[in-house]
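Protein chains in written order, with the working numbering: chain A, 849 to 1048; chain B, 849 to 1048; chain C, 389 to 609; chain D, 389 to 609; chain E, 3 to 244.
It should be emphasised that the hints constitute simulated quantities derived from the structure, not laboratory data. Glycine is no exception: its CB is placed at the ideal position from the N, C-alpha and C atoms. Hints may be right or wrong, so weigh each one.
Here chain D is said to cover these stretches of chain E; the calculated rule only asks that three of the stretch's residues, wherever they fall, bring their Cβ under 8 Å from a Cβ of chain D [as the list claims (entries may be wrong)]:
hint	segment
1	129-139
2	142-149
Pairs of lysine-lysine residues, derived as DSSO-like cross-links and limited to a Cα-Cα distance of at most 30 Å, are as follows [said to hold, decoys possible]:
hint	chain 1	residue 1	chain 2	residue 2
3	B	Lys1020	B	Lys1010
4	A	Lys1010	B	Lys856
5	A	Lys1020	A	Lys856
6	A	Lys856	B	Lys1010
7	A	Lys1020	A	Lys1010
8	B	Lys856	B	Lys1020
9	A	Lys1010	B	Lys1010
10	E	Lys155	E	Lys233
11	B	Lys856	E	Lys155
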Amino acid sequence: MITQLLLKDAAVRRGGRLLFEGVSLNLAAGEACALTGPNGSGKTSLLRAVAGLVRLEAGTIGFGDLDPADARGEGLHLVGHADGLKSARTAREELNFWSRWTGGAQASIQEAAEALDLVSLLDLEVRRLSAGQRRRLALARMLAAPRPLWLLDEPLSPLDAKWREGFSALMKRHLDGGGLILAAVHDPLPVATRSLELRQ
Amino acid sequence: MITQLLLKDAAVRRGGRLLFEGVSLNLAAGEACALTGPNGSGKTSLLRAVAGLVRLEAGTIGFGDLDPADARGEGLHLVGHADGLKSARTAREELNFWSRWTGGAQASIQEAAEALDLVSLLDLEVRRLSAGQRRRLALARMLAAPRPLWLLDEPLSPLDAKWREGFSALMKRHLDGGGLILAAVHDPLPVATRSLELRQ
Amino acid sequence: MSRLSALIARETTLAWGRGGGPLVALGFYAGVATFLPLAIGPQHDRLAGIATGAAWVALTLASLLSLERMFERDYEDGALDLLLLSPVPLELTCAVKCLGQWLATGAPLAFAAPIAAIGLGADPGLSPLIFLCALLGGLAFAFIGGIGAALSLGARRGGLLTAVIVLPLFVPPVIFGGGALANFAGGLPWTGGIAFLGAYAAAAVAFGPLAMAAACRNALS
Amino acid sequence: MSRLSALIARETTLAWGRGGGPLVALGFYAGVATFLPLAIGPQHDRLAGIATGAAWVALTLASLLSLERMFERDYEDGALDLLLLSPVPLELTCAVKCLGQWLATGAPLAFAAPIAAIGLGADPGLSPLIFLCALLGGLAFAFIGGIGAALSLGARRGGLLTAVIVLPLFVPPVIFGGGALANFAGGLPWTGGIAFLGAYAAAAVAFGPLAMAAACRNALS
Amino acid sequence: MSWAPAFLSNPDRFMAFSRWAAPMFGLIALGLAVVGLYLGFTAPEDYQQGQTVRIMFIHVPAAQMSMFAYACLGVASFLSLIFRHTLADCAAQAAAPLGAAFTFLALVTGSLWGRPMWGTWWEWDGRLTSVLVMFLLYIAYMALRASMDDEVKAARAAAILALVGSINLPIIHFSVEWWNSIHQGSSIFRKDGPSMPAVFWVPLLLMALAYMSAFGSLWLVRIRGEVWRRKAEIAAQRAARD
Ligand code: HEM
Ligand SMILES: Nc1ncnc2c1ncn2[C@@H]1O[C@H](COP(=O)(O)OP(=O)(O)OP(=O)(O)O)[C@@H](O)[C@H]1O
Ligand SMILES: Nc1ncnc2c1ncn2[C@@H]1O[C@H](COP(=O)(O)OP(=O)(O)OP(=O)(O)O)[C@@H](O)[C@H]1O
Ligand SMILES: [Mg+2]
Ligand SMILES: [Mg+2]
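Could you put the whole structure together from the sequences, leaning on the hints where they help?
Shown next, in the form of structure tokens:
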């Protein structure tokens, strides 16, 4: 169970250019960090580095005293722009598969669909969903399989006002339950308790 | 040359459900309309209907006294979530192709890339671009081949503060030159002179 | 015109990847030509006969392998919408896509076919005819393949479904071309087969785009 | 376990679609079996030989046609990232993907192979062996195909290149299996060929996932 | 038949018509088949073919019906594509499996007949192969329909395929002239009259009519079933929405 995310002097290089260096962060359970910075400054790359998908050029990433591989395998969710949903499959198939893949139980899948008001959309093909509905489907996977650390890439942008509030409430609940959130955003993140800015 | 967009009592049906009906709008040259409404209310569908990609259930769409097919073929740009960019090709290849497809000249392609500060990114594969850079590439196609009517689906969302301003300035310039903009947004559209709300 | 030439350049590079095109086509041909006699059984060791067969199989395979890139990718990433939004009629767009496809795979394979056939011991006198058959056959395959690719847009089945649609329609060119080659080799009149092959290819080029455009519009609507 | 069974269900439905699957598999097999003898030339009318050849070609084709869906789609839409983010080692994930692929295409085609072979006039006594060869061969094809698909991730190369990578590796199973069938038909000892085929398939199953996982990690990093 | 689409395009009128027409065609088919088979099996042996000539009474009408069914499929598809008429689409969907069955029958009986006549079950010649291609097209049609969720789109895509595939019909018919096929050419419908004695062509004609009525009956039954299924589905959707 991840209770801390510790970045120490992290640096990431893409295509020969150092995107950022010397980035440090200490995020404890119950805290949310808004990751900001101009386009191309490396927010997405940093999230992917935390998830272990991008190699650090320097520095370390720690999850309390857990082994990083274990912590990542069971402890975090990543929701990015590329949401991994197959447009030709139905919302139900995709939600079921990803929830089971991340270890969710059948009952919590149902709950997640209800929490994000997806029940009536589950039989539609993903390609038919509107942008906001599709983002809700991507987010629902996180609720279906509870994991402490959420890595979110601009989670609120395609959501309407009602759902920005709705998902903020869900993030709040997650934090209250001891979760951690690191979210790349361009607009303010309502639940943020800390912030980290990447400069170009 | 489109100088007017006229929607009369438009209605769109998707999958047996009437998304909206009785939507009317009269947009003149130099005006921008912010299209708002909750997720799934039909903003994207309306934009696609104006572009002729979705059939109206009732009502009409007119472009002044132009023939709709001609007006659409030469007179409008659509930038949606699915941006039509191939992630395995370079930004240059994609920009060149789409600009030539929409009738842009070589010089204006270069100008568009400069206006959106893409010059240094042109040799990257599209998949390497950050979300904001990719959106800028999608928008650059519009500048490369001037057309009066811009249909934009949440154009500003992945852009950072600087580029929200920058692209707003470009929209302003487009309007000043007699252009029309219909943009689906969840956040305020800086250049909007009118607004249209879809209700669920 | 600039539009269409841009599109054809895009389609060929998409089908082909950057650089190394002819080399890949040749390697592919060699792979098929090696693989086929083994699969069919070494007892059929009349390599000269296999030579023309390998050309057909390579053409078919190349066509089938590129079908998915022809419409489905563009459909999924939104490019098909933008291709539609143009004064160019969708029929013409589809035709140009098929043409690009053919330039990228069919045509290089047609050039490779007679060379490979001679290498495998076919009568060199046959090679112009083999080339012609492969060229026309590849053209027909590209346009018919496009129909299959467009029809299975939005179907929840993989490439197998497209193959099921397309393979039966690939049969007539093979019969026509094979008949012409056999007759030529046997000193019989062979122009009839080529004429039928040409007519089939012409029909595919003429009517295929109508079907493709209708299928694309159907999928997008 | 729930994870892996979910993954295998996903992979088979992605490769196969839901319901009505056998129709596509059968139609595909029938298409290949019709097309092949025509392409190879009707003079090779030893249908019994063609019958097993059709099985190999159908398996190869099905494998090649599904390669692009195996990793590339998941790579492009971000699903591969999420598959990686799991306690399941990537090697196992890759193996399960190949297995799903085989269940969706190789296995149904293996069932169709002896039926079609008998229909085409092969000795019915051969059919268990044909089935076995197709089953093992399909397994090897799925795992080797996966390597090719993973290797060409992110490279801007069409399906032809993947085929060029993969085809030579498809050759040994065909030789082993073909040899076993020929020997069996001729009353010679045939278990050796099957043993080699099995060994090759086992090696593909054992080492293929290592190569695939390495290639995927390389593409993603 | 040109009046039929106009007259039957109204679903209610179609249902009223087919209610009695379907069983009637069935009875006619049965009667004709009994007489035709009796005459066919009491006809004298052919001096060349012996007993095997009797396969003709099964094979030839089956082969003709397989093509006729495809023509029906094509016409129905055309109507559904142009006029977006659901009844035409029901008709197309209903015709496909029937056509596939007739084609299968033609292939099997032809193959059985080919063994004694040509000394081979199968030959890759133009006629035989193009019939096989038609069979594959039927399968492709059904597979395409089955693999799309959206019924309207599936219907249109399948209709396009059916029309594209109709290019195969003239190929089948003229294949015996275009290639020196082992299959014989037309022997009944010729300008100079049938080239076989009446003891053969009369039962053949009866059997052809019997097949035709059977096809008509089965087709109507299947269209009715399809109409019912769609009505039920719409009702279920409506119930689910309220
Ligand atoms: C699998 C093998 C066969 C297939 C697929 C096949 C197919 C067909 C088809 C499609 C027709 C209708 C042609 C038209 O109306 O234009 C036909 C008619 C006919 N077939 Fe076959 N056939 C096969 C084998 C045979 C054999 C072995 C014989 C006997 C030697 C035979 C004798 C006939 C005859 C006499 C007709 C009627 C021709 C006429 O009067 O128009 N068929 N067959
Ligand atoms: N192979 C590469 N070669 C060169 N540059 C690369 C390569 N891969 C990525 N980059 C660059 O690295 C940066 C990646 O930025 P990243 O996606 O992390 O930005 P971001 O902060 O998420 O931006 P945005 O706000 O636009 O989403 C981009 O500037 C991109 O162009
Ligand atoms: N075939 C279909 N069957 C049923 N519903 C459909 C179908 N196609 C689209 N829809 C529904 O139509 C609506 C389309 O909405 P659209 O994408 O236009 O919304 P939007 O206003 O752009 O929403 P967002 O703000 O989320 O982008 C969605 O509710 C979607 O679920
Ligand atoms: Mg980003
Ligand atoms: Mg939208």
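What hints, given by number in increasing order, does this structure fail?
-> Hint check: nothing fails, all pass.
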